[in-house]
Amino acid sequence: MLHRILAATIAACAGVTVLAGARPAGAQTVWNDARTRALVERATERRAQQLADTGLVDYAARAHGYVTFLAQVGEGFPDPPKIVKADELALEVYWAAPDLSKQRIVGQRDTLLLPTDINYHRDHLGIIQNNFPSIIRLGDGDEVRDVAHPLSADGLATYDYAISDSIRIRLPDRTIDVYEVKIRPRDDRDAAAVGAIYLDRAEGQVVRMAFSFTRAALKDRQLDDVAVVLENALIENRFWLPRRQEIEIRRTGSWMDFPARGIIRGRWEICCYEVNQGIPRGYFNGPEITRAPASELASHEWTGTVMEALPADVSAATDADVARIQEEARALVRAGALARTRQTTVSARSVSALARVNRAEGLALGGGLSRRLGRGLSTELRGRWGFADHRAKGEFGVRWEDARGRGAGISAFRRYRDASLVAETSGLRNSIAAQEFGSDYTEPYDAWGGALSLSFGEIGPFRWKLEGGWERQRGVEVAAMPSAGHYEPTIRAMPLSGARASLLAELPERAGWFGSRLAGDLRLSGANVRVRSEGAGVPAGERLAFGRLSGTFDGSRELGSGRLVLATAAAVALGPDLPAQELVYLGGPRTGPGYRFHEFTGRIGVSQRVEWQVAVPFMPLPLGRYGNTGSSATLAPFAHVVYVSRVEPAGARGAGWYPSVGVGLLTIFDLVRLDVARGVRDGRWTFGLDIARDFWGIL
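Using my numbering, the first residue of the sequence shown is number 38, and each one after it goes up by one.
No lab work stands behind these hints: they were computed from the structure. Please note that a few of the clues may not be correct.
The following label-pair restraints were derived from C-beta to C-beta distances [stated by the list, open to error]:
| hint | residue 1 | residue 2 | range |
| --- | --- | --- | --- |
| 1 | 653 | 424 | 38 to 46 Å |
| 2 | 449 | 70 | 47 to 55 Å |
| 3 | 437 | 311 | 51 to 59 Å |
| 4 | 156 | 611 | 53 to 61 Å |
| 5 | 538 | 427 | 31 to 39 Å |
| 6 | 259 | 321 | 30 to 38 Å |
| 7 | 416 | 392 | 17 to 25 Å |
| 8 | 414 | 253 | 31 to 39 Å |
| 9 | 692 | 154 | 48 to 56 Å |
| 10 | 611 | 656 | 47 to 55 Å |
| 11 | 576 | 601 | 18 to 26 Å |
| 12 | 437 | 69 | 27 to 35 Å |
| 13 | 333 | 414 | 49 to 57 Å |
Yeah, the Cβ is synthetic: ideal placement off N, Cα and C, and Gly gets one too.
All chains should be modelled from the sequences, with the hints used to inform the complete structure.
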């Protein structure tokens with residue numbers, strides 16, 4: 038890893054070529070040996086001299102960068118974060134010995150993709166000079182509290198050091214050996230950095246720094262972690278000066294343990310150095326980071342739009358460099374030194390976990406408590422009460438999970454499970470429609486029992502999870518009354534009990550072929566159960582074995598001025614006497630627009646949508662302090678088809694293909710979607726208003 042990183046860094050400098058690299062013999066890490074201490078002390082002394090003996094008096098440079106705010110939602114944050122706001126900046130950078138720094142913002146533009154009024158700390162809008170001062174602070178001191186620099190007098194007493202890797206770089210006039218030195222605090226309860234520094238062996242100059250921080254260093258209790266990458270380049274074949282910098286700050290909301298995370302990412306490239314030009318000392322008066330007059334900012338020339346210029350991997354769940362830092366930090370100190378510690382808190386996975394309406398429960402209110410016990414162990418208790426059925430539902434679970442997503446859990450539960458292949462609407466829309474119009478797009482049945490789960494983390498492109506247990510199931514009745522209209526009857530779920538197991542392979546959203554984005558999941562499940570009372574012609578006491586294979590797939594690709602979007606859901610149910618709760622149900626806003634809710638019922642079912650999304654002019658809507666929605670919306674004409682086979686009596690349609698066409702309009706930052714559709718084969722007109730599906734996980 039070090040060889041590739043430094044090769045890219047050094048080769049980026051004019052006239053420099055990386056010709057050879059080598060790893061030190063022996064892979065065992067030895068902390069604080071004489072060779073390592075000598076190198077670190079030499080580097081610390083060099084920093085204390087502030088480059089006085091290198092001939093570097095001052096320099097001017099230019100920096101170009103992005104500061105991006107992203108949001109990630111949903112239980113377990115299964116999908117990459119969405120860009121909320123992106124700023125592109127251009128800086129003039131000045132430095133003079135021993136430690137004078139000045140940065141002037143000469144260009145800044147932004148784009149707002151979701152409503153937010155976030156304001157960045159001033160130091161997020163500039164680069165880090167001198168590889169940090171002797172005391173490290175971030176967020177103007179609001180994010181990272183005072184941390185001793187690993188190459189400072191205090192740092193020598195705070196940290197352990199170990200040489201773990203090396204590379205040899207042959208230049209035209211000399212050879213440079215660069216050592217990777219691991220750093221960790223001697224007491225991981227202290228506010229300290231954890232990671233690695235990369236040092237020129239001969240002169241002790243800093244080539245690269247990559248580290249995170251212990252929990253004690255993070256001043257904001259909502260912070261999950263902070264990662265920093267500073268890369269230097271050899272300028273004029275003499276001076277190691279900033280070339281590339283990256284910072285990532287992840288913060289998870291603490292209100293009710295809600296699954297929402299905010300991420301600030303800063304990325305900078307520094308170039309065009311002019312060394313020892315005699316910069317007047319008076320130029321460094323005042324704040325370190327200043328802004329040019331508005332007229333100068335407005336005149337700065339940009340190429341394309343912010344989103345076109347933004348690096349393609351900004352929306353990745355975690356940048357590759359940052360992921361390596363986090364992984365290295367976990368290996369260097371105990372997990373408790375990095376983990377966010379919290380007391381027992383009120384917990385809710387979504388808005389619907391707090392309040393929902395459906396035909397089986399009427400209004401149901403719920404909530405929960407969660408507690409993190411340390412070392413990846415946590416407990417959670419949830420409950421809900423239905424005011425129409427007068428029944429309590431709930432779950433108690435204990436789970437252990439490591440930083441790679443591998444873990445195990447055990448739980449006991451009673452819940453109203455939904456037999457739908459996929460959710461037809463967001464939970465918020467379903468509650469409103471159920472209460473006001475009698476339109477409940479769920480298929481509830483009662484299930485209670487216990488389960489054991491094993492999570493294997495990512496193996497290949499998928500996240501794998503195995504679950505097994507015993508449970509008892511039965512049907513539920515319509516118990517509520519809507520404000521208008523009437524509810525459809527519930528499915529006649531077969532009363533049964535027995536063992537069940539499932540294997541889930543989940544594909545988190547990621548880049549695919551030819552610039553596409555892909556996401557999906559595949560689930561294989563099976564059961565061996567006993568029928569508890571006669572139903573659907575099956576006598577009580579008979580044993581049944583059945584299985585089911587189901588999956589979803591979402592793909593998109595930018596094409597010209599628009600975007601092609603595909604959405605697939607399919608399932609096959611196998612068994613001689615299938616319970617109603619195991620059949621495949623299709624029809625509704627998502628799996629059969631233009632047709633009635635779940636009017637397609639069978640043992641084999643496929644739902645396929647092909648959609649074209651393109652920006653169109655639209656009236657901007659004012660949003661107060663958030664500005665406005667912009668002068669465009671997204672038009673989304675689509676074609677859809679449902680296929681159903683081996684139809685069951687509960688279905689209102691025969692086997693075959695059922696196409697539909699429609700158009701959607703996404704507005705208010707593409708958060709709200711209006712759909713109109715018509716079923717082509719004896720269908721009907723349907724209209725729908727909902728929140729964009731990316732946010733269903735928290736609704």
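**Prompt:** What are the numbers of the hints the structure violates, in ascending order?
**Reply:** 8 and 11
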